[in-house]
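What follows is the residue order along each chain.
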Amino acid sequence: MKKLMTGDEGVARGAYEAGVAFAAAYPGTPSTEILENIALYKEIKAEWSPNEKVAVESAIGASLAGARSLTAMKMVGVNVAADPLLSYAYAGVNGGFVLISADDPGMHSSQNEQDNRNYAKFAKIPMLEPSDSQEAKDMVKTAFDISETYDTPVMLRMTTRVCHSKSLVEEGSVLEQQKKPYSKNLQKNDLVPAVSKQLRIKMEERLTKLKQYTEETPLNFEVWNSNKIGVITAGVSYQYAQEVFGENASYLKIGMAYPLPIEKIRRFAEKVETLYIIEELDPFMEEQIRAAGINKGIGKAKVPLIDELNPDILAKVLLGQENELIDYDKNIVVNRPPTLCAGCPHRGFFYALAKCKDIVISGDIGCYGLGGSAPLHAKDTCICMGAAPSIGHGMQKVFTKFDEKKRVVAVLGDSTFFHTGMNSLLTTVYNNSNTITCILDNRITGMTGHQENPGTGFTLQGDPTGIIDIAEVVKSFGIKNSRTVNPLKLNEVKDALDWAMGCEEPVVIITRWPCILKRLSKEDVEEFGSKKSVCEVDPELCIGCKKCLQTGCPALQYQKDSKKVIIDQNQCNGCEVCNQVCPKKAIKRVGE
Amino acid sequence: MTEVKNILLVGVGGQGTILVSKILASGLIAAGYDVKMSEVHGMAQRGGSVSTQVRFGKKVYSPIIGKGEADVLVSFEQMEALRWLSFLRPAGSVVVNDYQIPSAPILMGEVDYPEGILEVLREKADTIAIKAAKIATDLGNAKAMNIVLFGALVKAMKLNDIAWETHIAEIVKPKTLAVNLKAFAAGMDI
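So the protein sequences, as listed, match chains A and B.
592 is the number that the numbering used here gives the last residue of the first sequence; the numbers go up by one with no jumps.
782 is the number that the numbering used here gives the last residue of the second sequence; the numbers go up by one with no jumps.
So here's chain A without its partners, still in its complex pose (with noise of 0.2 Å):
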């Protein structure tokens, strides 16, 4: 019976079912989800890497032992491994491997809008693009054929509507994992500039080879319905298409993005009176099509390149149709942006922060980016993850040269710091700086939903493993000027701040408390303890002033009647900052 997934499940299960043995990655949206549904697989080997260059180095040594390995991750996360993936893209293969780029057209949860299939034309690779979960399964398993026969990586280019949309999928049998067996080969595994020359000429034979078999798999298929309207698409936009066009149109579905099958396009050109390019972001269809002299059809010229696409879209943009929309005042509805939940331990620490003054905030990719919305205001910038140290690094060294009496805060995540904020905090140290650089440990890596990390205890598999003490590494950089305090004292929080701005040399504050919503582990109820308790306001007491309204909570809330604030007793954790900021001493924990 066909099962309802996710695409990300559909990756998973398709990396089951190709005998793959080995799976790293970094978490993040919309790409997190394979991994976890790959680690329910208790045959593979599954890891929650520190950063998406050390999963793809990781997947790629299991390759290279002679392993079917896979490695997925966000857009952005390619940018980071970039390095091995261009490299390995020269050796090739042992066991098959393969990259699972998702993408986020419509930046529903990412900094930036690229178009990773340019990754593959970039690095030489070939890529499939799935346009629905059943492909998704599918293709992972040809895109480890293909690997294994043409020596090569593999990447599997999802989008968000890809990963994140259910539909239905067929299971199918499951290869047994074989390793393939593992001998020294200097000329093909060690990349010196010799060797890589000689590797260079092979990469090109490889590509003229994909290029006979792009043009001949069934990846890459026709839909014949009429020759007044042709419709070239991949991915989720091949979905799309299908819900405007219907079988008013035929289609080339194209499977396989890279390399493109270019004279079975010319063909399907030449046989449509009207013809469509539908790809969502880039032209790198279309660009390539004109490059093979192929002059016709409609892409980029109608077809937005900014945002993630529809079908109501398509319909507007290429057949002029629009729905009958209902006409109200949208300008009553009030925003709802999302917010530092009720007894988040970042709120204490970021209402302390933006009190100080000449201060500029370098932030981070994370929770604690929420800190940079109202009321807090406590950011100044957020560039890339593990940037928060460096980026703030060369300001200070701006603001110092030019007399500018600015201090640099950097602030960041435990899960962040590891993933490259070390290497950024070591750049402090080494050049002299005297940023501040604050690391809100909360335990786990929370915005993407509570994944393991090397600070948490645990594998991604559920195996107890060391715990890296952040204090440690801090010290063993050399900084010797270095805290841990509890974010939700204020008064600690705003101590380690002073002494920090009177530091002269680089300086790091951790914070340290668990996520909210993490499920604390053994360890963590020794240290934090598990009292569940929450405060109250006494209307007595309270005198409207709103100064806990200033720290963000959702759990408070302003009586315009009463001209009194309230705690919705469903959501207050009991974390007391709001009572360390009222003048008045109205607010108790109660019910311990």
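Take the hints with a grain of salt, since some may be wrong.
[Stated by the list, open to error] For lysine-lysine, the following DSS-like pairs were computed, each having C-alpha atoms within a straight-line distance of at most 25 Å:
| # | chain 1 | residue 1 | chain 2 | residue 2 |
| --- | --- | --- | --- | --- |
| 1 | A | 2 | B | 651 |
| 2 | A | 585 | A | 564 |
| 3 | A | 271 | A | 296 |
| 4 | A | 2 | B | 650 |
| 5 | A | 3 | B | 650 |
| 6 | A | 531 | B | 735 |
[What the hints assert, rightly or not] The following label-pair restraints were derived from C-beta to C-beta distances:
| # | chain 1 | residue 1 | chain 2 | residue 2 | range |
| --- | --- | --- | --- | --- | --- |
| 7 | A | 274 | B | 768 | 51 to 57 Å |
| 8 | B | 705 | A | 173 | 51 to 57 Å |
| 9 | A | 327 | B | 623 | 34 to 40 Å |
| 10 | B | 623 | A | 270 | 41 to 47 Å |
| 11 | B | 758 | A | 583 | 53 to 59 Å |
| 12 | B | 758 | A | 270 | 51 to 57 Å |
No lab work stands behind these hints, which were simulated from the structure alone.
Note that beta-carbon positions come from the ideal geometry of N, C-alpha and C, so glycine has one too.
On the provided structure of chain A, position chain B as indicated by the hints.
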């Protein structure tokens, strides 16, 4: 394509929209429909506005719908119904929970929770407003309000032929089954 039905479930992160969509999909698949579902994970979960789309029919292509295409808009919260109303077909219907969750600007006293939402909804579309929170609380578990709404959705979509109780039993936690079955019946009764 006209035989494909579109259901849009909206609410606030943590209200249980995804659980309802799972039960819905499970029943629809058992009834022999092709089903596609789409939701967005990640940042929006932190108290933000959330939506899940369920599409079913003989053959479904796109996992997502655009504006003006939902046959039913099920909103777990008043203001969210208005936020997403443009996704409803003008002839579609709204099932709305008569329940308010203030968002950050409202909590902070910057703006008031908008008044008269139910009136606007009733004026613009075929609207059923349900005090699901009260019904679920009276049944003994406020959290079952999502299943009350689910019952109302089943009725609105005329999907009574499916053995929903079985699918609810498969998906909810065993200790909440009894209250959820009562919640479902209450929703169907409205």
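Starting from the hint list further up, note which numbers the structure goes against and sort them upward.
none
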